[in-house]
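With chain S fixed as given, assemble chain D onto it according to the hints.
This is what each chain is made of:
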Amino acid sequence: RKEVEQDPGPFNVPEGATVAFNCTYSNSASQSFFWYRQDCRKEPKLLMSVYSSGNEDGRFTAQLNRASQYISLLIRDSKLSDSATYLCVVNTLGAAGNKLTFGGGTRVLVKP
Amino acid sequence: EAGVAQSPRYKIIEKRQSVAFWCNPISGHATLYWYQQILGQGPKLLIQFQNNGVVDDSQLPKDRFSAERLKGVDSTLKIQPAKLEDSAVYLCASSFDRGREKLFFGSGTQLSVL
Chain S
3 RKEVEQDPGP
13 FNVPEGATVA
23 FNCTYSNSAS
33 QSFFWYRQDC
43 RKEPKLLMSV
53 YSSGNEDGRF
63 TAQLNRASQY
73 ISLLIRDSKL
83 SDSATYLCVV
93 NTLGAAGNKL
103 TFGGGTRVLV
113 KP
Chain D
4 EAGVAQSPRY
14 KIIEKRQSVA
24 FWCNPISGHA
34 TLYWYQQILG
44 QGPKLLIQFQ
54 NNGVVDDSQL
64 PKDRFSAERL
74 KGVDSTLKIQ
84 PAKLEDSAVY
94 LCASSFDRGR
104 EKLFFGSGTQ
114 LSVL
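Those sequence lines, one after another, are chains S and D. Residues in the first sequence are numbered consecutively from 3, following the working numbering. Residues in the second sequence are numbered consecutively from 4, following the working numbering.
Treat the hints with care, since some could be wrong.
[As the list claims (entries may be wrong)] Below, simulated DMTMM-like cross-link-like pairs (lysine to aspartate or glutamate); rule was C-alpha separation at most 25 Å, straight line:
{"#": "1", "chain 1": "S", "residue 1": "K101", "chain 2": "D", "residue 2": "E17"}
{"#": "2", "chain 1": "S", "residue 1": "K44", "chain 2": "D", "residue 2": "D77"}
{"#": "3", "chain 1": "S", "residue 1": "K47", "chain 2": "D", "residue 2": "D59"}
Calculated directly from the structure, the hints in this document are not laboratory data. Note that the structure is predicted; figures quoted are calculated from it, not measured.
Chain S on its own, in the form it takes in the complex:
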């Protein structure tokens, strides 16, 4: 089982609709979680951190479910510019310190 797993998609989303997708992680000792966004042929950029109580940043909502070991990202009122690959990142404290592991990414395509 991979440490961090994501549905690769693509999720085809009509403009203005809501889309949500999950990321599962295997290590119950993982401490912190993030969503990064990666545009085609570009580098990943931090979208938001994921807090235990859930958090919202504009049209984006991230949630953490420690019991089931997954995080989620919800995008409301999708814009064409939201088309990208969304990478889940899990931080686990190991012998060598903090280790950041990326998922394979979920591709989202917002269409007019």
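The following block gives chain D in isolation, referenced to the frame of chain S:
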């Protein structure tokens, strides 16, 4: 503020040749990472430096890959000899410290091994 600088942007080589990539992190960032991203996959950590010391190189294929970060600033990643499966984007990232999980990525080097 200047971002993470990487060069070259693109590189095409034949298998068994050698190649080197360069990265200059954001000024003041102690932690530097090299990631390999194969098309359609997420970035995979190759090596992590804290200042000029290696923190994690567990996934670095040490028979052909090497990396150094002299003086704790810029870094080079080398592949010798290259294999077809090394074709990927090599991303350099930096963060202020190991406890700071926000990574700043460079634009990457796209390597094609023919």
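Right, here's what the structure says about each hint:
{"no.": "1", "hint": "S:K101 with D:E17", "verdict": "violated, 33 Å"}
{"no.": "2", "hint": "S:K44 with D:D77", "verdict": "holds, 21 Å"}
{"no.": "3", "hint": "S:K47 with D:D59", "verdict": "holds, 22 Å"}
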